[in-house]
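> Read off the chains here:
2 protein chains.
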Amino acid sequence: MKKKIKINKIKQIALKIIKRQGYNETESRQIFDMRLFAQLRGNDHGFVGLFGWNPDKDKNAGEIKTIRETKLSALIDGNANSAITVMQKATGLAIQKAKVSGFGIVGTKGTYNSTGAIGYYVKQIAQENLIGMAFSGCDAYVAPYNSNEAVFGSNPMAVGLPTKKDPVVLDFATTGMTWHDLTEKNILNKKLTPGRGYDKEGKPTLDPKAVMDHGASRIFDNTYKGSGLSFIIEALTGPLVQAAAFGILDEDADWGNLVMAIDPELLMNINEYKKNMTKLIKRYKKARRLKGVKELFYPGERGNRMSERCLKQGVVEIEEELLEKMVAEAKA
Amino acid sequence: MKKKIKINKIKQIALKIIKRQGYNETESRQIFDMRLFAQLRGNDHGFVGLFGWNPDKDKNAGEIKTIRETKLSALIDGNANSAITVMQKATGLAIQKAKVSGFGIVGTKGTYNSTGAIGYYVKQIAQENLIGMAFSGCDAYVAPYNSNEAVFGSNPMAVGLPTKKDPVVLDFATTGMTWHDLTEKNILNKKLTPGRGYDKEGKPTLDPKAVMDHGASRIFDNTYKGSGLSFIIEALTGPLVQAAAFGILDEDADWGNLVMAIDPELLMNINEYKKNMTKLIKRYKKARRLKGVKELFYPGERGNRMSERCLKQGVVEIEEELLEKMVAEAKA
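Taken in sequence, the protein lines are chains Y and X. Residue 246 in this note's numbering sits at position 245 of the first sequence; the count goes up by one each step and never skips. Residue 172 in this note's numbering sits at position 171 of the second sequence; the count goes up by one each step and never skips.
Please note that a few of the clues may not be correct.
In this list, chains with the same sequence are indistinguishable; a pair is considered to hold if it fits within one copy or across any two.
Unchecked claim - In the BS3-like style, the derived pairs of lysine-lysine whose C-alpha atoms are separated by at most 30 angstroms in a straight line are:
(1) Lys204 <-> Lys280
(2) Lys295 <-> Lys204
(3) Lys204 <-> Lys286
(4) Lys72 <-> Lys90
(5) Lys210 <-> Lys287
(6) Lys295 <-> Lys283
(7) Lys292 <-> Lys210
Since the hints were made in silico from the structure, they are not lab data.
So here's chain Y without its partners, still in its complex pose (with noise of 0.2 angstroms):
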């Protein structure tokens, strides 16, 4: 059951909880943005992810530092820093870097938890007139196409599109499963889908426990196609961002992300350019449905929805037991 909550409220008992993970003002006011994001969304990244994979200030974080710089580039070691307050860091240096020479590309290392729901970062990339992409990697739990071993992330992508109004943007993880659905349905006690899971000896299973303990998880296609995309990823945010968890499931190993922002000025008029997005959109809109879906939105589109029917009312919609598991926490 989902329960609306103000905005505030859930603001106090969540920056309660996150100062007490050790962070700083402005680090947990970056942490509760993107959590209030994804979860006015419905997006896995929500308040849940406050009792996620590595969620407390790590006690040998040091200074996020850029190791590496161009005019058109970063690449910046995290330091064991919230990956959020890194992702953060690295959208606003390739935006400032776009917006001066046309394009900016950061590459972070050196982080140990999620940065969250990466759409979050393209839309602030497309809200500043820029295309955005980014590509976030972590420890192994999907097996390739045609494999039962665990080698590739969940290998989220996003891309973010600037229009006339709401940015387009499209976030997905070419996993079948997340670790997120595979947390709930073992928390819940619920079968997966059979033909989605591995265990750790790469023999099919429904139980998700055993897919967390070293199995696997199937390509969110099952084809060639996902398979290949999540392996491009990997590289992405293994070996081009120098983030030693690529391939491997090791508790040791920083995670990479990686993050564009591409000036539409270097093709033509970003007017001309929205006013073609203007008639795409309006196209697709129109399109005709199958047979009992009642609209076709655009990548991004139902998120903007959801998110602004809740921000009018100052409201966000949060699962029952979530939230008592955060004023329970908030006030231990």
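Dock chain X against chain Y, hints included.
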């Protein structure tokens, strides 16, 4: 049945046909090179493409013009030339710009046929130690997820990554059936796999001809993920590059393409990056395989293998009927 034929021999035959189609020496060589690349890989865009959509040089073809240019970018008007020669020019420009500035992005508009296999172009980029990305647009014949009406083109994407040896080259269409698949099934009088195609009224059909006659193919994975990816590619190859063929089927509308080259040195030392790539490839190759699977291929590897085997013998494999057709056409 496939037959082996000396590359020198097929080159003579193909060049005769291509020149007869109105192309000059340089254009003919570029078209032949792309077709040979595809043929050697068993890719759809091999010599069969000589008889494909708009193969002849357009009577109205003018000069290929750069209509916008910056240090990092160019927008090219193909001016009704072959998309292969236009994409080849765009690729060369993207490489040149990335070598000087670290990044190059080139859009094309004003063409009315297919660039062929876009893996061909990103491979050239990767061979220059740059990361290549390419996207191609065309007329609409693919329905978005939840729709049964054509809005998208086949919308392929390709990524090329440099390695110590052969580049990794991913190249796939976001449609469930390519135009080539449909044409081939139509000629051979074969039925479509159920659930893959719609006729012009949106009714499910097994008839390839019904799909080709203002019907629609399904998205490759039949989910919002593949559909979202196709939407993004539609935007990058239409609205972003001033090409008119987006969201519609209109023979008068020009098709667009986008190609990018990114220098890995923007983020890290190329040799370190390549060492990492070797590690990723090795890890991937030794992953446990599903029963009956002899080998796991990284993106582009199978094609490279096929290609090398033939190149060593100086031959190419070709369908007997296609060869006969080519021989007849060359003599005509």
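> One pair to classify: lysine 72 and lysine 90, alpha carbons no more than 30 angstroms apart. Within, between, both, or neither?
both (16 angstroms within a copy, 26 angstroms between copies)
> Check lysine 295 against lysine 204 for me: Cα-Cα at most 30 angstroms, and say if that holds within a copy, between copies, both or neither.
between (40 angstroms within a copy, 18 angstroms between copies)
> What label fits lysine 210 with lysine 287 when the C-alpha limit is 30 angstroms: within, between, both, or neither?
Between copies only: 25 angstroms across, 43 angstroms inside.
> Given identical chains, is lysine 204 near lysine 280, meaning Cα to Cα at most 30 angstroms, within a copy, between copies, both, or neither?
Cα proximity of lysine 204 and lysine 280: across copies only (26 angstroms, versus 49 angstroms in one copy).
> As a check of your reading, is lysine 292 near lysine 210 (CA-CA no more than 30 angstroms) within one copy, between copies, both or neither?
between (37 angstroms within a copy, 23 angstroms between copies)
> Can you tell me if lysine 204 and lysine 286 fall within 30 angstroms by alpha carbon in one copy, between copies, both or neither?
between (43 angstroms within a copy, 19 angstroms between copies)
> Within a copy, between copies, both or neither: which one fits lysine 295 and lysine 283 at a CA-CA cutoff of 30 angstroms?
within (16 angstroms within a copy, 47 angstroms between copies)
No hint from the list above goes unmet by this structure.
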